Amino acid sequence: MRIATWNVNSIRQRMDSLLAWLAERKPDIVCLQEIKCVDEAFPREPLEALGYNVAVHGQKTFNGVALLSKLPFDEMAPGLMGDDGDAQARFLEVLVSTKTGVLRVVSLYLPNGNPAPGEKYDYKLKWMDRLIAFSHERLNLEEPFVLAGDYNIIPAAADVRRPDAWTKDALFLPQTQEKFRTLINLGLTDAVRAISDDPGLYSFWDYQAGSWPKNDGIRIDHLLLSPQATDRLIDAGIDRHVRSWDKPSDHVPVYVDLAIEAR
DNA sequence: ATGGCCAATATGATTGGA
935 MRIATWNVNS IRQRMDSLLA WLAERKPDIV CLQEIKCVDE AFPREPLEAL
985 GYNVAVHGQK TFNGVALLSK LPFDEMAPGL MGDDGDAQAR FLEVLVSTKT
1035 GVLRVVSLYL PNGNPAPGEK YDYKLKWMDR LIAFSHERLN LEEPFVLAGD
1085 YNIIPAAADV RRPDAWTKDA LFLPQTQEKF RTLINLGLTD AVRAISDDPG
1135 LYSFWDYQAG SWPKNDGIRI DHLLLSPQAT DRLIDAGIDR HVRSWDKPSD
1185 HVPVYVDLAI EAR
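For the numbering used here, count along the first sequence from 1 and bump the result up by 934.
Fair warning: there could be bad hints in the mix.
Here are the computed lysine to aspartate or glutamate pairs in the DMTMM-like style, where the Cα-Cα straight-line distance is at most 20 Å [unchecked claim]:
(1) 994 with 1020
(2) 994 with 973
(3) 1033 with 1165
Restraint ranges, calculated between C-beta atoms of paired labels, are given here [to be verified]:
(4) 1091 with 1034: 31 to 41 Å
(5) 1056 with 958: 35 to 45 Å
(6) 1017 with 1120: 17 to 27 Å
(7) 1179 with 1074: 38 to 48 Å
(8) 1102 with 1007: 34 to 44 Å
(9) 1108 with 957: 36 to 46 Å
Rather than coming from a laboratory, the hints here were simulated on the basis of the structure.
These figures come from a predicted structure and were not determined experimentally.
Don't be surprised by glycine CBs; every beta carbon is placed ideally from N, CA and C.
Turn these sequences into a full structure, and let the hints steer you where they fit.
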């Protein structure tokens, strides 16, 4: 079972790249972020033609998450618990059935939080508290569970080419990293870091200032695994070559391979 | 010269991203 996450920065602008990458990487489940469209505008047909079931939680103009799955969805639930007044489409949870039982997957788009301090940073921290509460509940189920998405968090200095340039940024502030560790310490495993200690594993390069040709990147897209998923961890990686394609997203896909058979 | 963007919006300037 291959599960991937990709912030596409507009699904409608990225369909050619998405189709090319799906053909190349052949993921079973894909978590998408920043689709930037309402549910009705999501281009489902070409994806369904490839055998993917499609779940969408979109909104107009900004944000928006989706899930593609070769396995049918037994359940799907949009929105993160803890604030019924939160109208931003940043969270989608699904349940699928595998040969060995259920598999729970979340596609999330954690708030950026800049500028910090400020209202946006407060929203980010509160959103993280809600994510921690949610994860605590789900981990009690003792299921294979993959929490995937754009976290807008640089976990450590090894995850950024130029740490000095990010010291006051909401993605890299100590308070952000501390809360991320609180999440991890519930019992989740960062799939990429479980496979490799290499510095220079980045998932985002800004469009500006020649960040890509200078390899001025950061690692902010993560797949966090429950213990039951970590037991089955085979491999994880980042498809950085996708950043050099025409009309790229500023993020590239990150994937994990788990020893779970579809059916 | 010296890599200074990209996407959406009833658009031609503004907002948000990170």
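Outcome of the hint check:
Straight-line distance between C-alpha atoms of residue 994 and residue 1020 comes to about 15 Å, which keeps the hinted pair within the 20 Å bound. Restraint check for residue 994 and residue 973: the C-alpha separation of about 9 Å stays at or below 20 Å, so the hint holds. A hinted pair counts as satisfied when its Cα atoms are at most 20 Å apart, and residue 1033 with residue 1165 qualifies at roughly 16 Å. Separation of residue 1091 from residue 1034 is about 38 Å and conforms to the stated range, judged on CB atoms against 31 to 41 Å.
Distance hint check: the CB atoms of residue 1056 and residue 958 are about 40 Å apart, consistent with the given range 35 to 45 Å. Taken as a hint, the range 17 to 27 Å holds for the pair residue 1017 and residue 1120, whose Cβ atoms sit roughly 20 Å apart. For residue 1179 paired with residue 1074, a C-beta distance near 41 Å keeps the hint of 38 to 48 Å intact. Range check, residue 1102 to residue 1007: about 41 Å between beta-carbon atoms, so the 34 to 44 Å window is met.
Take residue 1108 and residue 957: their Cβ atoms lie about 42 Å apart, and the range 36 to 46 Å holds.
In the structure shown, no violation is registered for any of the earlier numbered hints.
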